[in-house]
Amino acid sequence: MYKKLSLKILLTFFLILFSGASITHENIPHNIDRSVADKCVEPTDIMRSQHHIFIKQQSHDTVVKGIRTQKYSLNNCINCHIKPSANGTYPSVKSEEHFCSGCHIAAAAQVECFDCHASKPFKKVVEKVKDSE
Amino acid sequence: MKKYEIKLDRRDFLKSSTMLGVSTIAPGVFFQQLAHGRDLDEPASSKIRWGMLINTNQCTDECDACVTACNEEHGIEDFGRPTTDTQWIRKLTLTSETTEESINVPMMCQHCENPPCVDVCPTGASFIRADGIVLVNKHTCIGCRYCMMSCPYKARSFVHENLENQLPHAPRGKGCVESCNLCVHKIDNGENNTACAEACQKDGHQAILFGDLNDVESDISKQLKKYESKEVRSDLGLNTAVRYRGI
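As you go down the protein sequences, you meet chains L and X in turn. Going left to right, the first sequence walks through residues 1 to 133 as the numbering used here numbers them. Going left to right, the second sequence walks through residues 1 to 247 as the numbering used here numbers them.
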């Protein structure tokens, strides 16, 4: 019985260790709208591993405390990373063309932000951002 | 004796001149801060308590500008199911049985100081913000709807449908309870007015007045002192931030 258990623990350990290795992110385009910003708010490595932490912290600050800084806000991510395609429409959050879904589909990690949050830039917001630059 | 008097006068003079200086400068600084609003990175302050004064005498029968403006501001859709469709603000018509006189009462979350919805929430999703706005944290709401049962004003709605094309400033989704948030995104951005109040002012009715209840210089505080106003179900002792004239 103990043998079986230790085998299970070992298997789980290896699974955890190598689960990240299967996702490379290399083939997923960044798709940044250069007219909004030149680069992301943090270096790519940090964003890849910690974007959910930033977003979660920001959501708490905004909802509970009323802090509306733009840096880590989900709207800021969307305004920059979601660009209209050639025919002028924004990609659906269900398709792999959507910046968030591109990785999340590959990693089989369900992203639930867009059940409630807007998954594409809102015209007025984008215009405001452009005006302020 | 004479010497003592002179000494006392000098002290008094210094004290009183300092006090006079502080009392002339301090309110100016304080009110300027309030008038300019807070920075985006500054949390909501408990020095402010947002509230509304609704003058039912100026609310007309046909007009539903406040309801339309609210729906538009927050992207609230009509699914043609009146019993379950989301309603943040609704218009009630109250008719007296004896005189048959009717009044219109726009009804929404009353933003109580002692909100029953916050008391009953099992997850802490229903909460009261520092500036007195009662909100639902939709990240922690599990959709149990206890708050809807506890609210004496029937102010809250449950989202029954899958939603699409939500607005960036108004995230809404199936399975959460929601209610009037006093246009919290507008307040945080320093606009300090709500969509319903703006629409009412635009239509020329001026029935809804929004402002800071804690600021003695605000229009709402002045009107609350000048005219008689009531809380709906004041017997419950909830100390609502939304008050009514003419009921």
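Any given hint could be a false lead.
[Unchecked claim] Quick list of in silico lysine-lysine cross-link-like pairs, DSSO-like style, CA-CA up to 27 Å: (1) X:Lys186 with L:Lys120; (2) X:Lys174 with L:Lys56; (3) L:Lys65 with X:Lys202; (4) L:Lys120 with X:Lys174; (5) L:Lys65 with X:Lys225; (6) X:Lys174 with L:Lys65; (7) X:Lys186 with L:Lys56; (8) L:Lys65 with L:Lys83; (9) L:Lys8 with L:Lys56; (10) L:Lys65 with X:Lys226.
Just so you know, these hints were derived from the structure itself, not from any lab.
For each hint, the structure was consulted:
1. About 21 Å separates the Cα atoms of Lys186 of chain X and Lys120 of chain L, which keeps this hinted pair within 27 Å; it holds.
2. Annotation: proposed proximity of Lys174 of chain X to Lys56 of chain L holds, straight-line Cα distance about 20 Å (limit 27 Å).
3. For the hint pairing Lys65 of chain L with Lys202 of chain X, the CA-to-CA distance comes to about 31 Å; that exceeds 27 Å, so the pair is violated.
4. For the hint pairing Lys120 of chain L with Lys174 of chain X, the CA-to-CA distance comes to about 19 Å; that is within 27 Å, so the pair holds.
5. Restraint check for Lys65 of chain L and Lys225 of chain X: not satisfied, since their Cα atoms lie roughly 30 Å apart, outside the 27 Å limit.
6. Restraint check for Lys174 of chain X and Lys65 of chain L: satisfied, since their Cα atoms lie roughly 24 Å apart, inside the 27 Å limit.
7. With a C-alpha separation of about 22 Å, the suggested pairing of Lys186 of chain X with Lys56 of chain L holds against the 27 Å cut-off.
8. A C-alpha spacing of about 31 Å is found between Lys65 of chain L and Lys83 of chain L, which places the hinted pair above 27 Å, so the restraint is violated.
9. With a C-alpha separation of about 32 Å, the suggested pairing of Lys8 of chain L with Lys56 of chain L is violated against the 27 Å cut-off.
10. This hinted pair does not check out: Lys65 of chain L and Lys226 of chain X have alpha carbons roughly 33 Å apart, beyond 27 Å.
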